[in-house]
Amino acid sequence: MNDEWYTKKWVVLCLHILFWGLFFVFPYMLRPVMDDEAGPHRLIDDRGFHYLHLLNNLMRMLLFYANAFLFIPKLIYRKKYIGYMLVLMAALCIMLAWDHLFFTLLISGLTYKTWNFFVFNLPVFIFIIVASAAFRMIRDRMEARQRAKEQETEHLRTELAFLRSQVSPHFMFNVLNNMVALARKKSDVLEPSLIRLSSLLRYMLYETHADKVLLEKEIEYLESYIELQRQRFGKKVKIAACIQQRDYGYTIEPMLLIPFVENAFKHGTGLIPDAQISVHLTVQAGSLEFSVSNRYNDRAQEPKDKTAGIGLANVRRRLNLSYGNNHTLTIDKKDGVFTILLHLNLH
1 MNDEWYTKKW
11 VVLCLHILFW
21 GLFFVFPYML
31 RPVMDDEAGP
41 HRLIDDRGFH
51 YLHLLNNLMR
61 MLLFYANAFL
71 FIPKLIYRKK
81 YIGYMLVLMA
91 ALCIMLAWDH
101 LFFTLLISGL
111 TYKTWNFFVF
121 NLPVFIFIIV
131 ASAAFRMIRD
141 RMEARQRAKE
151 QETEHLRTEL
161 AFLRSQVSPH
171 FMFNVLNNMV
181 ALARKKSDVL
191 EPSLIRLSSL
201 LRYMLYETHA
211 DKVLLEKEIE
221 YLESYIELQR
231 QRFGKKVKIA
241 ACIQQRDYGY
251 TIEPMLLIPF
261 VENAFKHGTG
271 LIPDAQISVH
281 LTVQAGSLEF
291 SVSNRYNDRA
301 QEPKDKTAGI
311 GLANVRRRLN
321 LSYGNNHTLT
331 IDKKDGVFTI
341 LLHLNLH
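Going by this note's numbering, the sequence shown opens with residue 1, and the numbers climb by one from there.
Note that these hints are calculated values from the structure, not bench results.
For lysine-lysine, the following DSSO-like pairs were computed, each having C-alpha atoms within a straight-line distance of at most 27 Å:
1) 217 to 266
2) 236 to 333
3) 333 to 235
4) 9 to 74
5) 149 to 9
6) 333 to 238
7) 236 to 334
8) 266 to 236
9) 212 to 149
10) 266 to 186
11) 186 to 238
12) 8 to 149
13) 334 to 235
14) 236 to 185
15) 238 to 266
16) 334 to 266
17) 185 to 238
18) 266 to 235
Ranges of calculated distance between the beta carbons of each label pair, as one might list FRET restraints:
19) 85 to 62: 18 to 24 Å
20) 151 to 50: 46 to 52 Å
21) 139 to 244: 51 to 57 Å
22) 108 to 138: 42 to 48 Å
23) 138 to 97: 27 to 33 Å
24) 296 to 242: 19 to 25 Å
25) 94 to 50: 18 to 24 Å
26) 324 to 69: 34 to 40 Å
27) 150 to 50: 43 to 49 Å
28) 49 to 15: 27 to 33 Å
29) 328 to 138: 35 to 41 Å
30) 69 to 98: 16 to 22 Å
31) 13 to 97: 29 to 35 Å
32) 233 to 191: 17 to 23 Å
Glycine is no exception: its CB is placed at the ideal position from the N, C-alpha and C atoms.
Hey, can you work out the whole structure from these sequences and the hints?
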(Lines of atoms letter the chains of each structure in order from A and count residues from 1; the text may use other names and numbers.)
(Lines give C-alpha, C1' and ligand atoms only; values in the text may rest on other atoms or scores of the structure.)
Protein backbone atom coordinates (compact mmCIF):
# COMPACT_ATOMS: atom_id res chain seq x y z
CA MET A 1 0.00 0.00 0.00
CA ASN A 2 1.46 3.32 -1.05
CA ASP A 3 1.35 6.24 1.32
CA GLU A 4 -0.27 9.49 0.25
CA TRP A 5 2.16 12.04 -1.16
CA TYR A 6 1.68 14.46 1.73
CA THR A 7 2.79 11.84 4.27
CA LYS A 8 6.20 11.30 2.71
CA LYS A 9 9.08 12.49 4.87
CA TRP A 10 10.61 14.82 2.29
CA VAL A 11 7.24 16.51 1.72
CA VAL A 12 6.73 17.03 5.46
CA LEU A 13 10.26 18.43 5.78
CA CYS A 14 9.68 20.86 2.89
CA LEU A 15 6.41 22.03 4.44
CA HIS A 16 8.13 22.72 7.76
CA ILE A 17 10.92 24.65 6.03
CA LEU A 18 8.35 26.66 4.07
CA PHE A 19 6.33 27.44 7.20
CA TRP A 20 9.31 28.68 9.21
CA GLY A 21 10.74 30.52 6.22
CA LEU A 22 7.51 32.50 5.86
CA PHE A 23 7.32 32.97 9.62
CA PHE A 24 10.82 34.47 9.74
CA VAL A 25 10.40 36.84 6.80
CA PHE A 26 6.77 37.84 7.37
CA PRO A 27 7.56 40.85 9.63
CA TYR A 28 9.97 42.19 7.02
CA MET A 29 7.33 41.91 4.34
CA LEU A 30 5.05 44.21 6.36
CA ARG A 31 7.79 46.60 7.42
CA PRO A 32 7.56 50.03 5.72
CA VAL A 33 10.53 51.25 3.67
CA MET A 34 12.67 53.79 5.60
CA ASP A 35 14.79 56.54 4.13
CA ASP A 36 18.35 57.21 5.19
CA GLU A 37 17.67 60.46 7.10
CA ALA A 38 17.94 58.68 10.44
CA GLY A 39 21.68 58.23 9.91
CA PRO A 40 24.03 55.49 11.09
CA HIS A 41 22.44 55.23 14.55
CA ARG A 42 19.21 54.12 12.93
CA LEU A 43 21.11 51.39 11.03
CA ILE A 44 22.62 50.09 14.25
CA ASP A 45 19.21 49.94 15.95
CA ASP A 46 17.67 48.12 13.00
CA ARG A 47 20.46 45.57 13.04
CA GLY A 48 19.87 44.95 16.74
CA PHE A 49 16.17 44.48 16.14
CA HIS A 50 16.95 42.01 13.33
CA TYR A 51 19.10 39.91 15.67
CA LEU A 52 16.46 40.10 18.40
CA HIS A 53 13.78 38.99 15.95
CA LEU A 54 15.93 36.04 14.84
CA LEU A 55 16.65 34.92 18.42
CA ASN A 56 13.00 35.22 19.45
CA ASN A 57 11.93 33.14 16.45
CA LEU A 58 14.43 30.44 17.37
CA MET A 59 12.84 30.33 20.82
CA ARG A 60 9.37 30.13 19.21
CA MET A 61 10.52 27.29 17.02
CA LEU A 62 11.76 25.46 20.10
CA LEU A 63 8.40 26.07 21.79
CA PHE A 64 6.51 24.76 18.74
CA TYR A 65 8.26 21.39 18.70
CA ALA A 66 8.45 21.08 22.49
CA ASN A 67 4.70 21.56 22.68
CA ALA A 68 4.04 19.09 19.84
CA PHE A 69 6.37 16.31 20.91
CA LEU A 70 6.69 16.80 24.68
CA PHE A 71 4.00 18.88 26.38
CA ILE A 72 0.96 17.49 24.55
CA PRO A 73 1.93 13.76 24.74
CA LYS A 74 3.13 13.97 28.34
CA LEU A 75 0.42 16.25 29.72
CA ILE A 76 -2.63 16.67 27.47
CA TYR A 77 -2.86 12.99 26.48
CA ARG A 78 -2.57 12.06 30.15
CA LYS A 79 -5.25 14.63 31.07
CA LYS A 80 -2.89 16.72 33.19
CA TYR A 81 -4.46 19.99 32.09
CA ILE A 82 -3.41 22.08 35.09
CA GLY A 83 0.18 20.94 34.66
CA TYR A 84 -0.03 21.84 30.97
CA MET A 85 -1.23 25.37 31.75
CA LEU A 86 1.56 25.81 34.29
CA VAL A 87 4.13 24.67 31.72
CA LEU A 88 2.79 27.17 29.18
CA MET A 89 2.94 29.97 31.76
CA ALA A 90 6.52 28.99 32.59
CA ALA A 91 7.37 28.96 28.86
CA LEU A 92 5.88 32.47 28.51
CA CYS A 93 7.94 33.73 31.44
CA ILE A 94 11.10 32.19 29.94
CA MET A 95 10.38 33.90 26.63
CA LEU A 96 9.86 37.21 28.46
CA ALA A 97 13.20 36.84 30.25
CA TRP A 98 14.84 35.80 26.94
CA ASP A 99 13.42 38.82 25.14
CA HIS A 100 14.43 41.18 27.96
CA LEU A 101 17.99 39.84 28.10
CA PHE A 102 18.74 40.13 24.41
CA PHE A 103 16.90 43.45 24.06
CA THR A 104 19.22 44.86 26.70
CA LEU A 105 22.30 43.38 24.97
CA LEU A 106 21.42 44.28 21.40
CA ILE A 107 19.33 47.47 21.57
CA SER A 108 21.02 50.63 22.82
CA GLY A 109 19.33 53.90 23.67
CA LEU A 110 15.91 52.35 24.38
CA THR A 111 14.28 51.23 27.61
CA TYR A 112 12.71 47.77 27.72
CA LYS A 113 8.99 47.84 28.53
CA THR A 114 7.33 44.63 29.68
CA TRP A 115 3.87 45.59 28.45
CA ASN A 116 5.38 45.96 24.99
CA PHE A 117 6.33 42.27 25.09
CA PHE A 118 2.76 41.19 25.86
CA VAL A 119 1.26 43.44 23.21
CA PHE A 120 3.47 42.17 20.38
CA ASN A 121 4.53 38.71 21.52
CA LEU A 122 1.53 37.24 23.35
CA PRO A 123 -0.57 36.87 20.14
CA VAL A 124 2.40 35.19 18.46
CA PHE A 125 2.81 32.91 21.50
CA ILE A 126 -0.85 31.86 21.30
CA PHE A 127 -0.54 31.30 17.54
CA ILE A 128 2.50 29.06 18.04
CA ILE A 129 0.69 26.96 20.67
CA VAL A 130 -2.44 26.58 18.53
CA ALA A 131 -0.45 25.78 15.38
CA SER A 132 1.67 23.27 17.27
CA ALA A 133 -1.41 21.55 18.72
CA ALA A 134 -3.03 21.41 15.27
CA PHE A 135 0.15 19.92 13.80
CA ARG A 136 0.23 17.26 16.51
CA MET A 137 -3.44 16.36 16.06
CA ILE A 138 -3.11 16.08 12.27
CA ARG A 139 0.06 14.02 12.62
CA ASP A 140 -1.56 11.64 15.11
CA ARG A 141 -4.65 11.24 12.95
CA MET A 142 -2.56 10.44 9.88
CA GLU A 143 -0.51 7.89 11.82
CA ALA A 144 -3.67 6.30 13.22
CA ARG A 145 -5.13 6.03 9.74
CA GLN A 146 -1.89 4.53 8.42
CA ARG A 147 -1.86 1.97 11.23
CA ALA A 148 -5.47 1.09 10.46
CA LYS A 149 -4.61 0.57 6.79
CA GLU A 150 -1.64 -1.61 7.70
CA GLN A 151 -3.78 -3.68 10.07
CA GLU A 152 -6.45 -4.06 7.41
CA THR A 153 -3.85 -5.10 4.83
CA GLU A 154 -2.36 -7.64 7.23
CA HIS A 155 -5.84 -8.94 8.05
CA LEU A 156 -6.62 -9.37 4.35
CA ARG A 157 -3.33 -11.19 3.77
CA THR A 158 -4.03 -13.51 6.68
CA GLU A 159 -7.54 -14.17 5.47
CA LEU A 160 -6.38 -14.87 1.92
CA ALA A 161 -3.73 -17.26 3.21
CA PHE A 162 -6.40 -19.04 5.25
CA LEU A 163 -8.72 -19.30 2.25
CA ARG A 164 -5.92 -20.72 0.10
CA SER A 165 -5.11 -23.29 2.75
CA GLN A 166 -8.73 -24.45 2.59
CA VAL A 167 -8.66 -24.82 -1.18
CA SER A 168 -5.48 -26.92 -1.30
CA PRO A 169 -6.64 -29.90 0.85
CA HIS A 170 -9.93 -30.03 -1.02
CA PHE A 171 -8.05 -30.30 -4.30
CA MET A 172 -5.67 -32.87 -2.88
CA PHE A 173 -8.49 -35.19 -1.83
CA ASN A 174 -10.04 -35.08 -5.28
CA VAL A 175 -6.79 -35.74 -7.16
CA LEU A 176 -5.76 -38.58 -4.84
CA ASN A 177 -9.13 -40.19 -5.47
CA ASN A 178 -8.31 -39.96 -9.16
CA MET A 179 -5.04 -41.79 -8.58
CA VAL A 180 -6.82 -44.52 -6.62
CA ALA A 181 -9.27 -45.03 -9.48
CA LEU A 182 -6.43 -45.31 -12.01
CA ALA A 183 -4.55 -47.77 -9.80
CA ARG A 184 -7.64 -49.98 -9.50
CA LYS A 185 -7.97 -50.02 -13.26
CA LYS A 186 -4.24 -50.80 -13.57
CA SER A 187 -4.18 -48.09 -16.18
CA ASP A 188 -1.08 -47.49 -18.28
CA VAL A 189 -1.56 -43.76 -17.77
CA LEU A 190 -0.99 -44.04 -14.02
CA GLU A 191 2.73 -43.26 -14.26
CA PRO A 192 2.36 -40.11 -16.43
CA SER A 193 -0.55 -39.12 -14.24
CA LEU A 194 1.65 -39.36 -11.14
CA ILE A 195 4.28 -37.22 -12.88
CA ARG A 196 1.62 -34.66 -13.72
CA LEU A 197 0.37 -34.76 -10.13
CA SER A 198 3.93 -34.20 -8.90
CA SER A 199 4.11 -31.10 -11.08
CA LEU A 200 0.84 -29.86 -9.64
CA LEU A 201 2.03 -30.40 -6.08
CA ARG A 202 5.26 -28.56 -6.82
CA TYR A 203 3.22 -25.59 -8.05
CA MET A 204 0.95 -25.67 -5.00
CA LEU A 205 3.79 -25.96 -2.48
CA TYR A 206 6.39 -23.58 -3.89
CA GLU A 207 4.69 -21.02 -6.11
CA THR A 208 1.29 -20.24 -4.63
CA HIS A 209 2.60 -18.42 -1.55
CA ALA A 210 3.21 -15.26 -3.58
CA ASP A 211 0.49 -12.64 -3.83
CA LYS A 212 0.32 -13.16 -7.60
CA VAL A 213 1.63 -15.71 -10.09
CA LEU A 214 2.04 -15.58 -13.85
CA LEU A 215 -1.23 -16.35 -15.60
CA GLU A 216 0.58 -18.85 -17.82
CA LYS A 217 1.45 -20.99 -14.78
CA GLU A 218 -2.12 -20.88 -13.49
CA ILE A 219 -3.42 -21.95 -16.91
CA GLU A 220 -0.87 -24.76 -17.10
CA TYR A 221 -2.02 -25.92 -13.67
CA LEU A 222 -5.66 -25.79 -14.81
CA GLU A 223 -4.93 -27.77 -17.99
CA SER A 224 -3.07 -30.44 -16.02
CA TYR A 225 -5.98 -30.84 -13.63
CA ILE A 226 -8.46 -31.18 -16.48
CA GLU A 227 -6.24 -33.75 -18.17
CA LEU A 228 -6.08 -35.82 -14.97
CA GLN A 229 -9.87 -35.79 -14.76
CA ARG A 230 -10.14 -36.69 -18.44
CA GLN A 231 -7.93 -39.72 -17.83
CA ARG A 232 -10.01 -40.72 -14.85
CA PHE A 233 -13.45 -40.59 -16.46
CA GLY A 234 -12.55 -41.49 -20.04
CA LYS A 235 -15.69 -41.60 -22.19
CA LYS A 236 -18.07 -41.55 -19.23
CA VAL A 237 -17.95 -37.74 -19.08
CA LYS A 238 -17.81 -35.43 -22.07
CA ILE A 239 -15.16 -32.84 -21.26
CA ALA A 240 -14.78 -29.83 -23.54
CA ALA A 241 -11.90 -27.49 -22.70
CA CYS A 242 -11.03 -24.47 -24.82
CA ILE A 243 -8.27 -22.21 -23.49
CA GLN A 244 -7.02 -19.32 -25.62
CA GLN A 245 -4.40 -16.98 -24.27
CA ARG A 246 -3.57 -14.19 -26.70
CA ASP A 247 -1.86 -11.91 -24.15
CA TYR A 248 1.07 -12.87 -21.91
CA GLY A 249 2.81 -11.36 -18.93
CA TYR A 250 -0.25 -10.83 -16.74
CA THR A 251 -0.50 -12.07 -13.17
CA ILE A 252 -3.37 -13.55 -11.20
CA GLU A 253 -4.19 -14.75 -7.70
CA PRO A 254 -2.85 -18.32 -7.41
CA MET A 255 -5.35 -21.18 -7.21
CA LEU A 256 -8.17 -18.83 -8.17
CA LEU A 257 -9.74 -20.67 -11.12
CA ILE A 258 -9.42 -24.29 -10.05
CA PRO A 259 -12.29 -24.28 -7.46
CA PHE A 260 -14.82 -23.66 -10.26
CA VAL A 261 -13.52 -26.67 -12.21
CA GLU A 262 -13.36 -28.77 -9.05
CA ASN A 263 -16.96 -27.92 -8.33
CA ALA A 264 -18.00 -28.93 -11.85
CA PHE A 265 -16.36 -32.36 -11.54
CA LYS A 266 -17.69 -32.85 -8.02
CA HIS A 267 -21.33 -32.15 -8.85
CA GLY A 268 -21.38 -32.84 -12.59
CA THR A 269 -20.30 -36.49 -12.48
CA GLY A 270 -21.57 -39.63 -10.81
CA LEU A 271 -25.34 -40.12 -11.01
CA ILE A 272 -25.67 -37.64 -13.86
CA PRO A 273 -27.10 -38.88 -17.16
CA ASP A 274 -25.17 -37.69 -20.18
CA ALA A 275 -22.61 -35.91 -17.97
CA GLN A 276 -20.96 -32.96 -19.69
CA ILE A 277 -18.43 -30.46 -18.42
CA SER A 278 -17.34 -27.44 -20.42
CA VAL A 279 -14.45 -25.09 -19.59
CA HIS A 280 -13.67 -21.99 -21.67
CA LEU A 281 -11.02 -19.38 -20.98
CA THR A 282 -9.89 -16.45 -23.12
CA VAL A 283 -7.37 -13.73 -22.34
CA GLN A 284 -7.26 -10.66 -24.53
CA ALA A 285 -6.38 -7.00 -23.96
CA GLY A 286 -5.94 -7.55 -20.22
CA SER A 287 -9.41 -9.07 -19.86
CA LEU A 288 -9.96 -12.64 -18.71
CA GLU A 289 -13.23 -14.37 -19.55
CA PHE A 290 -13.74 -17.70 -17.82
CA SER A 291 -16.77 -19.97 -17.91
CA VAL A 292 -17.44 -23.43 -16.49
CA SER A 293 -20.66 -25.38 -16.94
CA ASN A 294 -21.83 -28.84 -15.92
CA ARG A 295 -25.03 -30.83 -15.89
CA TYR A 296 -26.53 -31.54 -12.49
CA ASN A 297 -29.34 -33.65 -11.13
CA ASP A 298 -31.46 -32.25 -8.31
CA ARG A 299 -32.90 -35.71 -7.62
CA ALA A 300 -29.51 -37.30 -7.10
CA GLN A 301 -28.60 -37.64 -3.44
CA GLU A 302 -24.93 -36.70 -3.16
CA PRO A 303 -23.03 -37.87 -0.10
CA LYS A 304 -22.39 -35.01 2.31
CA ASP A 305 -18.87 -34.25 3.46
CA LYS A 306 -17.20 -31.50 5.41
CA THR A 307 -15.64 -30.01 2.29
CA ALA A 308 -18.92 -29.58 0.45
CA GLY A 309 -19.42 -26.00 -0.65
CA ILE A 310 -16.01 -24.82 0.53
CA GLY A 311 -14.59 -24.15 -2.93
CA LEU A 312 -17.12 -21.70 -4.37
CA ALA A 313 -17.62 -19.84 -1.10
CA ASN A 314 -13.88 -19.35 -0.73
CA VAL A 315 -13.24 -18.24 -4.28
CA ARG A 316 -16.07 -15.71 -4.09
CA ARG A 317 -14.54 -14.26 -0.92
CA ARG A 318 -11.06 -14.20 -2.48
CA LEU A 319 -12.36 -12.37 -5.54
CA ASN A 320 -13.96 -9.72 -3.36
CA LEU A 321 -10.82 -9.29 -1.30
CA SER A 322 -8.30 -9.20 -4.15
CA TYR A 323 -10.17 -7.72 -7.10
CA GLY A 324 -13.14 -5.81 -5.74
CA ASN A 325 -14.83 -3.92 -8.59
CA ASN A 326 -12.37 -5.35 -11.13
CA HIS A 327 -14.36 -8.55 -11.46
CA THR A 328 -17.87 -9.82 -12.08
CA LEU A 329 -19.01 -13.31 -11.13
CA THR A 330 -22.31 -14.75 -12.30
CA ILE A 331 -23.62 -18.11 -11.12
CA ASP A 332 -26.67 -19.56 -12.86
CA LYS A 333 -28.67 -22.78 -12.57
CA LYS A 334 -31.07 -23.32 -15.45
CA ASP A 335 -32.50 -26.29 -17.32
CA GLY A 336 -30.31 -28.75 -15.49
CA VAL A 337 -27.08 -26.88 -16.23
CA PHE A 338 -24.97 -25.13 -13.61
CA THR A 339 -22.87 -22.31 -15.09
CA ILE A 340 -20.39 -19.82 -13.73
CA LEU A 341 -19.19 -16.80 -15.71
CA LEU A 342 -16.18 -14.85 -14.47
CA HIS A 343 -14.87 -11.63 -15.95
CA LEU A 344 -11.57 -10.43 -14.52
CA ASN A 345 -9.68 -7.23 -15.25
CA LEU A 346 -6.01 -8.23 -15.10
CA HIS A 347 -4.56 -4.71 -15.30
